[in-house]
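Kindly generate the complete structure, drawing on both the sequences and the hints.
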Amino acid sequence: MLDVKFIKDNKDLVKERLAIKNFKDLNLVDEIIELDNQRKKLQTESDTTQSKLNIASKEIGQLMAKKENEKAEEKKLEVASLKSSLQPIAENLSATENKLNEIILRLPNLPSAQVPAGKTPDDNITVREGGSKPQLPANAVPHWDLAKKYNLIDFELGNKITGSGFPFYVNKGAKLQRALIQYFLDYNSAAGYTEYQPPLMVNEATAFGTGQLPDKEGQMYYVNEDKFYLIPTAEVPVTNIYRDEILKENDLPIKMTAYTPCFRREAGSYGKDVRGLNRLHQFDKVEIVQLVHPEKSYEVLEEMVNHIEKLLQSLQLPYRILKLCGGDMGFTSALTYDFEVYSAAQQKWLEVSSVSNFESFQSNRMKIRFKDANNKMQLVHTLNGSSLALPRIVACLLENHQTENNIQLPEALHKYFGNDRIA
RNA sequence: GGAGAGGUGCCUGAGUGGCCGAAAGGGCCGGUUUGCUAAACCGUUAUACGAGCUUAAACUUGUAUCGAGGGUUCGAAUCCCUCCCUCUCCGCCA
Numbered sequence: 024m025l026d027v028k029f030i031k032d033n034k035d036l037v038k039e040r041l042a043i044k045n046f047k048d049l050n051l052v053d054e055i056i057e058l059d060n061q062r063k064k065l066q067t068e069s070d071t072t073q074s075k076l077n078i079a080s081k082e083i084g085q086l087m088a089k090k091e092n093e094k095a096e097e098k099k100l101e102v103a104s105l106k107s108s109l110q111p112i113a114e115n116l117s118a119t120e121n122k123l124n125e126i127i128l129r130l131p132n133l134p135s136a137q138v139p140a141g142k143t144p145d146d147n148i149t150v151r152e153g154g155s156k157p158q159l160p161a162n163a164v165p166h167w168d169l170a171k172k173y174n175l176i177d178f179e180l181g182n183k184i185t186g187s188g189f190p191f192y193v194n195k196g197a198k199l200q201r202a203l204i205q206y207f208l209d210y211n212s213a214a215g216y217t218e219y220q221p222p223l224m225v226n227e228a229t230a231f232g233t234g235q236l237p238d239k240e241g242q243m244y245y246v247n248e249d250k251f252y253l254i255p256t257a258e259v260p261v262t263n264i265y266r267d268e269i270l271k272e273n274d275l276p277i278k279m280t281a282y283t284p285c286f287r288r289e290a291g292s293y294g295k296d297v298r299g300l301n302r303l304h305q306f307d308k309v310e311i312v313q314l315v316h317p318e319k320s321y322e323v324l325e326e327m328v329n330h331i332e333k334l335l336q337s338l339q340l341p342y343r344i345l346k347l348c349g350g351d352m353g354f355t356s357a358l359t360y361d362f363e364v365y366s367a368a369q370q371k372w373l374e375v376s377s378v379s380n381f382e383s384f385q386s387n388r389m390k391i392r393f394k395d396a397n398n399k400m401q402l403v404h405t406l407n408g409s410s411l412a413l414p415r416i417v418a419c420l421l422e423n424h425q426t427e428n429n430i431q432l433p434e435a436l437h438k439y440f441g442n443d444r445i446a
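Here our numbering runs 23 ahead of the position in the first sequence, where the first position is 1.
No lab work stands behind these hints, which were simulated from the structure alone.
Possibly wrong hints are sitting among the right ones.
[To be verified] DSS-like mimics (lysine-lysine), calculated; alpha carbons at most 30 angstroms apart, straight line: (1) K156 - K171; (2) K34 - K333; (3) K75 - K94; (4) K31 - K399; (5) K99 - K89; (6) K75 - K64; (7) K89 - K278; (8) K34 - K239; (9) K239 - K38; (10) K239 - K171; (11) K394 - K31; (12) K438 - K333; (13) K183 - K239; (14) K333 - K198; (15) K399 - K271; (16) K75 - K89.
[Unchecked claim] DEER-style ranges, computed between Cβ atoms: (17) E39 - Q85: 57 to 65 angstroms; (18) A197 - E227: 32 to 40 angstroms; (19) P237 - N60: 19 to 27 angstroms; (20) N174 - F29: 37 to 45 angstroms; (21) I78 - A42: 44 to 52 angstroms; (22) E289 - I148: 47 to 55 angstroms; (23) D32 - G441: 52 to 60 angstroms; (24) S155 - E125: 44 to 52 angstroms; (25) A88 - N124: 38 to 46 angstroms; (26) N124 - E289: 26 to 34 angstroms; (27) E114 - G186: 46 to 54 angstroms; (28) T143 - E114: 39 to 47 angstroms.
The C-beta atom is built at its ideal place from N, Cα and C for all residues, glycine as well.
Written out as C-alpha cells, the structure reads:
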C-alpha cells in the first residue's frame, strides 16, 4: 500500500501516476488527505484527554493509599466525566482510521516513471527479442497432440480425477517436469538464491501481505474449514517469510527461490486460450524473490531480467521481453517485464515469466523494514519473477523442438532428463 | 479428535490490580582498561502514531503496544470472555 505521507507531499504526482495505471477514482487521493488531517486532529484530542485520565487515575491510587477516600471519590467523578467526553472522540478516531485504511488499500501501486502509458496488452513495449523461430517439419502439430503422440500428458485423466485444468503428466512427461524443476532451482541456487520449499496453503495475513487480499479472493482456492488459501504463486509464502521483521542493512539483498505448484481458479477466463497447457488451474512454477535496499531495486530488476533471459536462452526458445504499459500491469507492481515465448505450432506468444519491482508497496503492507546507516527505519523493496512457469515452457519445448519423429531437447536439459530427446 | 500446560522486549526469564515499557541474566552496540585477543567495569539497547522545536536531523513530550479482539475497574501484562498459536500426554495417521 502507498504511504500516506508520500501521498500528502506528492498529491499531483500521485494522481498523474494513478492515471497512467488507468485508475479512475482520483478523488480518493483528496479524500485520503482529508481523512488523514482529520485523523491527526482527533488523535491529538484523544491523546490529551487520555493523558488527563491516566494522571487522574494515578492520583486516585495515591489518595486511596493515604486513606483519603472522600477525595478519591471526588476524583472518580472527575474521571467519569473525562471518560464520557473521550468516548465520542475515540469512536470518531477509530472510524476515521478504518475509513482511511480501507481507502488506501484500494489504491494500486504507482507505476514507475519509465512505465509507458497505455490500456491494453497492445500498448506494451517490446524491449528486445532473442532466439529464432524454428523451421517446423511438415507434420508439425500443437503440443496437445504431441503430448498424446508421445504419451506425456493425459488431459482426459485429469478431467476424470479432478476437472479441466488439472492434467496428469505421465512417463517422460512427468520426468520432464521433474528435470525442468531441478534445472531451474539449480540455476537459481548457483546465482545465490536460497532455496525454500514453502507451505502451499497460507493464512489470511499472508495473502494480505503480498496483495492477494482484499479483492482477489475470487482467484484463489479457499479451504473453508481452516480458512486457508491455496497459493496462486510461491511469491505469496516466500515474500511473507520476512513479514514484520526488522532487518539489518547488510542483510540485504535477501534472495530466495522456491518451486511450488500454483493454484488459480481463473474465474471468468474460460473459452479462450485454455487449450492444452496454455492455461491451467494447477501448474508448476519456480519463483525468485528478492528483498533489497530501496536504492538498488531497479538495478536488481534488470539483474533479474538478465538472469531469466539467460535461462530462457539455454532452453533455445524464441522469446521477447515486454515492458508492460500502465493498463496491463498488476495492482501491486511499479514496473513489470513479461517474458513471452513463441509457441511455434500454435503460432502465438505465451507468457512464461513476469518480473516485477513492487518497490515498497508490499513491504509497507508486510512491514518488512531495515535500519539504514543512520539508524533510520526504511521499508525494503520487494521484487519477484518466475523462473519459470513450467506448462508453457513445456508446450514450447515440445512444439518448437519437434522433428519428424522425436523431440530434441536443449543441451542444458540432457543431464537432468537423462536423454537428449523424447521419442 | 480427547486431556493438560503455556504465549512477556533480540533471547532466556521474573512479574497475580497502581511504584511495570516492564526485574535479572545473556546478546548487541558504544566507552574505559589493554601490545593484541580475552576478561573486567560503565553505559546504551523497541515500534507505531501524535504534539513541540527545527531548513532537516537530533532532541523533548503525549498516547498505544506484554499472542489477537472484547469486557470488568478510577486504574489491567496481572481478573473475566472469545479467538489464534505453541508445547506435553493419549488417540489416529504418511
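Here is what the structure says about each hint:
Pair hint K156 plus K171 holds up; C-alpha atoms about 23 angstroms apart against a cutoff of 30 angstroms. Note on K34 and K333: the hinted pairing is violated, with a Cα-Cα distance of about 40 angstroms set against a maximum of 30 angstroms. Among the hinted pairs, K75 with K94 is consistent with the structure: their alpha-carbon atoms are about 17 angstroms apart, no more than 30 angstroms. A hinted pair counts as satisfied when its Cα atoms are at most 30 angstroms apart, and K31 with K399 qualifies at roughly 21 angstroms.
Between K99 and K89 the alpha-carbon distance is near 16 angstroms, which keeps this suggested pair within the 30 angstroms criterion. The hinted pair formed by K75 and K64 meets the criterion: a straight-line CA distance of about 17 angstroms does not exceed 30 angstroms. For the proposed pair K89 and K278, the alpha carbon gap of about 62 angstroms is over 30 angstroms, so the pair is violated. Between the alpha carbons of K34 and K239 the distance comes to roughly 27 angstroms, so the proposed pair stays at or under 30 angstroms and holds.
Between K239 and K38, the direct Cα distance comes to roughly 24 angstroms. Compliance with the 30 angstroms bound is thereby established for this hinted pair. Using a Cα cut-off of 30 angstroms, the hinted pair K239 and K171 is violated, with the two alpha carbons roughly 35 angstroms apart. Restraint check: the Cα-Cα separation between K394 and K31 comes to about 24 angstroms, which is no more than 30 angstroms; the hinted pair holds. A distance of roughly 18 angstroms separates the Cα atoms of K438 and K333; the hinted pair therefore holds under the 30 angstroms criterion.
Of the supplied pair hints, the one linking K183 and K239 holds, its CA atoms being roughly 28 angstroms apart against a limit of 30 angstroms. For the proposed pair K333 and K198, the alpha carbon gap of about 23 angstroms is at most 30 angstroms, so the pair holds. Simply put, K399 and K271 have alpha-carbon atoms about 11 angstroms apart, close enough for the 30 angstroms limit, and the pair holds. In summary, the hint linking K75 to K89 is supported, as the alpha carbons are separated by about 21 angstroms, within the 30 angstroms threshold.
E39 and Q85 have their C-beta atoms about 58 angstroms apart, which keeps the hinted 57 to 65 angstroms range intact. Checked against the hint of 32 to 40 angstroms, the C-beta distance between A197 and E227 comes to roughly 34 angstroms, which is consistent with it. In this structure the supplied range 19 to 27 angstroms holds for P237 paired with N60, their Cβ-Cβ distance being about 25 angstroms. Distance hint for N174 and F29: a CB-CB separation of about 56 angstroms, inconsistent with the stated range 37 to 45 angstroms.
Range check, I78 to A42: about 50 angstroms between beta-carbon atoms, so the 44 to 52 angstroms window is met. As the Cβ distance of E289 to I148 is approximately 27 angstroms, the hint placing it in 47 to 55 angstroms is violated. D32 and G441 have their C-beta atoms about 59 angstroms apart, which keeps the hinted 52 to 60 angstroms range intact. Between S155 and E125, the C-beta spacing of about 51 angstroms keeps the proposed range 44 to 52 angstroms intact.
With their beta carbons about 42 angstroms apart, A88 and N124 fall inside the hinted range of 38 to 46 angstroms. Checking the proposed 26 to 34 angstroms range against N124 and E289 shows it holds: the Cβ atoms sit about 30 angstroms from each other. The hinted window of 46 to 54 angstroms between E114 and G186 holds, with their beta carbons roughly 49 angstroms apart. Between T143 and E114 the C-beta distance comes to about 46 angstroms, which sits within the given range of 39 to 47 angstroms.
When the structure is compared with the earlier hints, violations turn up for hints 2, 7, 10, 20, 22 and for no others.
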